[in-house]
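Please model the entire structure based on the sequences and the hints provided.
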Amino acid sequence: MAKITLTNIIEELAARTGMSKDAADNFVHAIVDTIQKGLHEDNLVKIKGLGTFKLMEMSDRGSVDINTGERITIKGYRKVTFTPDSAMKEFVNRPFAHFEPTELNDGYPSEEEELPVAEETKVEESEDSQLLPEPIAEAPIVEEPAVEVPIVEAPVTEEPVEKESVIEDPVAEIPVVEPPVGEEPIPSDMNADEEDIENSSAEDTVEATMTEQETSIVEKQESPVSSEVDSEDNEGEDLQPVEEDTAEEITSAETEVVEEPEHEVIVPEPSPAEEASEQEEEPAVALQQEEEPALDATSESADTAPKKPAKRGILGWIVVILLIAIAFGLYYYKTKDLYTQSDEYYEKFDDPNDIMVNPNLREELGEEWADEPQVQTQLPTQKKEEVVVAKQEESGRGKIAADVNKQEAQKTADSADKHVATAPATDAKICIVTLTETLAAKDVKDITPADTTDYVIDGTLVTHQLRSGETIIQLAKKYYGDKRLWPYIVKYNWMKDYNHVAIGQMINIPVLKDK
Amino acid sequence: MNNKEFINELSKQTNQSAGVTTKLVNDVIKTLEEHFQQNDTVVLSSFGTFEVKKKMERISVNPTTGKRYLIPPKLVLSFKQSNVLKDKFNAE
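Protein sequences appear in the order of chains A and B.
Here the first sequence stands for residues 0 to 514, numbered as in numbering that gives the first Met the number 0.
Here the second sequence stands for residues 0 to 91, numbered as in numbering that gives the first Met the number 0.
Heads up, a few of these hints could be off.
[To be verified] Capping the alpha-carbon separation at 30 angstroms, the derived lysine-lysine pairs in BS3-like fashion look like this:
no.	chain 1	residue 1	chain 2	residue 2
1	A	K477	B	K54
2	A	K495	B	K66
3	A	K20	A	K47
4	B	K79	B	K29
5	B	K85	A	K45
6	A	K53	B	K85
7	B	K3	B	K79
8	B	K52	A	K88
9	A	K512	B	K54
10	A	K47	B	K3
11	A	K512	B	K73
12	B	K11	A	K45
13	A	K78	B	K85
14	A	K45	B	K79
15	B	K66	A	K514
16	A	K47	A	K88
17	A	K88	A	K36
18	B	K52	B	K66
19	B	K85	B	K52
20	B	K54	A	K514
21	B	K11	B	K79
Calculated directly from the structure, the hints in this document are not laboratory data.
Small disclaimer: the values here were computed from a predicted structure and weren't measured.
And the structure:
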């Protein structure tokens, strides 16, 4: 840091080269004179290894006298500037040469960064939603025994409770059925398959109720005309896939806003699966016991029965898989719109409450619906087919067969009721609560954009001279990557608002710091 | 005036060959460099001052992409002309 003068340089040069001090003195002065001469001649002197001296013409400029405050003009003059050449530059900067400019990504999310994040969440959703149907599909297998258990072991205790809830069901179902009616055509392929299964189950229940007369209120409503039951069932079938779509759309909406509900939605699924798995072993034994007497009871159906269950099992699985596939197709198709036109999405459904009810019921119905075919295919199928086969051969005979099997048939009817009963009554409420929470959260987010309160102004980043066509909002986008942050610039420059700017105006861009 | 012209002119003034002049000029530059390395301020009276200045690190924004970069600190050789030199060129 010492101050080195010309004489120091001369001494060192003399020592270095071995020449006399006078000679060194002369030489150094000759260099300085030559540089000045060169500057006089063509305003520029290039010295290899040192740099370039240039004579620059400085124009007049206005200023203010510090003492008097008067405007004065500093007259233009010529100035010798020096630019070190690259070798000298690198040499001087050697201590810091290892530093390199690094990109910063702190605090100020740009839109480029936000978009991929949204896509990631999309992917996550899809993964999660893919997970959703699987447990549903798997759960029924496990669940059936769980359902069967009370039938075999203690049907008396549970029945009354469930029947009460059964009465509530239709009420809950009806509003659900209405909205998706417009979208029904989707699962039309399935209907044929579904109808077969449903018809059989419906007939079973009808037969059972007709013969026994110990029917519940709900069963009476269904029993008079079997076709009505079929149609209702079919509608129910239609409704479920569609609901899956809507529900998945909404779950996607949830994930946009809040991620928690996702988990909440998922939560109810594992629990029945676990319960089921606990009870799995016992009922399995009970099932076999139940099936055997059933087979023995009707010798006619014994021939045909063993083949059909296998077919139905495969059929049920195919139906489940196809429905899930369609649901996903629709889900992806809808989510495209959802991100861009969420408003339109809500316009489709006049009453948001419908949406709120649907997805959750879908969840439950999805399980329930997945349960039914399983129940039909594996456990009670044999009994039902006994009835069906008998019916096909002779209606009167079939009734007799049904009478013979009436106890078992009633049990299947009860089990079907239980499916309907347990699910919506309990879980639907929970799901509605979660949905309302998410909707509320979304509202809050809309109202308070994250632009005004997240940062504190901390000094000046740069001073920007406004050019033609630039706006403060553009500056915010340019410097922060987020146009919503313009209020900070306005505030920092004491502007009235972002419209009161002039071309050439100097705008101080504040440094924003996270609170 | 480029380097070649400068050396020729200098050799004329000092009555030495261009080769010797080049070597001597390089010696002078090396001497200067040694001082620059030690952060010394070299004052050539009647000409100007060479000084090594430290530029602090700063944050710069790429205007087109909006990305922010941390520019590391660096040492820069600066030159300020002396008043004598200024007066010489602004005498008129």
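Comparing the hints with the structure gives:
1. Between K477 (chain A) and K54 (chain B) the CA atoms are separated by roughly 25 angstroms; this keeps the pair inside 30 angstroms, and the hint holds.
2. At most 30 angstroms may separate the alpha-carbon atoms for a hinted pair to count; K495 (chain A) and K66 (chain B) meet this at roughly 29 angstroms.
3. At roughly 24 angstroms between alpha-carbon atoms, K20 (chain A) and K47 (chain A) fall within 30 angstroms of each other, so this suggested pair holds.
4. Taken as a hint, the K79 (chain B) and K29 (chain B) pair is honoured in the structure, with Cα atoms around 20 angstroms apart against an allowance of 30 angstroms.
5. Under the criterion of a C-alpha separation no larger than 30 angstroms, the hint pairing K85 (chain B) with K45 (chain A) is consistent with the structure, at around 19 angstroms.
6. For the hint linking K53 (chain A) to K85 (chain B), the alpha-carbon distance of about 13 angstroms falls within 30 angstroms, and the restraint holds.
7. The hinted pair formed by K3 (chain B) and K79 (chain B) meets the criterion: a straight-line CA distance of about 25 angstroms does not exceed 30 angstroms.
8. Pair hint K52 (chain B) plus K88 (chain A) holds up; C-alpha atoms about 12 angstroms apart against a cutoff of 30 angstroms.
9. Taking the CA atoms of K512 (chain A) and K54 (chain B), the gap is near 23 angstroms; set against the 30 angstroms cutoff, the hint holds.
10. Restraint check for K47 (chain A) and K3 (chain B): satisfied, since their Cα atoms lie roughly 9 angstroms apart, inside the 30 angstroms limit.
11. Using a Cα cut-off of 30 angstroms, the hinted pair K512 (chain A) and K73 (chain B) holds, with the two alpha carbons roughly 25 angstroms apart.
12. For the hint linking K11 (chain B) to K45 (chain A), the alpha-carbon distance of about 17 angstroms falls within 30 angstroms, and the restraint holds.
13. Restraint check: the Cα-Cα separation between K78 (chain A) and K85 (chain B) comes to about 6 angstroms, which is no more than 30 angstroms; the hinted pair holds.
14. A C-alpha spacing of about 17 angstroms is found between K45 (chain A) and K79 (chain B), which places the hinted pair at or below 30 angstroms, so the restraint holds.
15. A distance of roughly 21 angstroms separates the Cα atoms of K66 (chain B) and K514 (chain A); the hinted pair therefore holds under the 30 angstroms criterion.
16. Between K47 (chain A) and K88 (chain A) the alpha-carbon distance is near 12 angstroms, which keeps this suggested pair within the 30 angstroms criterion.
17. In summary, the hint linking K88 (chain A) to K36 (chain A) is supported, as the alpha carbons are separated by about 25 angstroms, within the 30 angstroms threshold.
18. Restraint check for K52 (chain B) and K66 (chain B): the C-alpha separation of about 28 angstroms stays at or below 30 angstroms, so the hint holds.
19. For the hint pairing K85 (chain B) with K52 (chain B), the CA-to-CA distance comes to about 22 angstroms; that is within 30 angstroms, so the pair holds.
20. Simply put, K54 (chain B) and K514 (chain A) have alpha-carbon atoms about 29 angstroms apart, close enough for the 30 angstroms limit, and the pair holds.
21. The suggested pairing of K11 (chain B) with K79 (chain B) holds, with an alpha-carbon distance near 28 angstroms, which does not exceed 30 angstroms.
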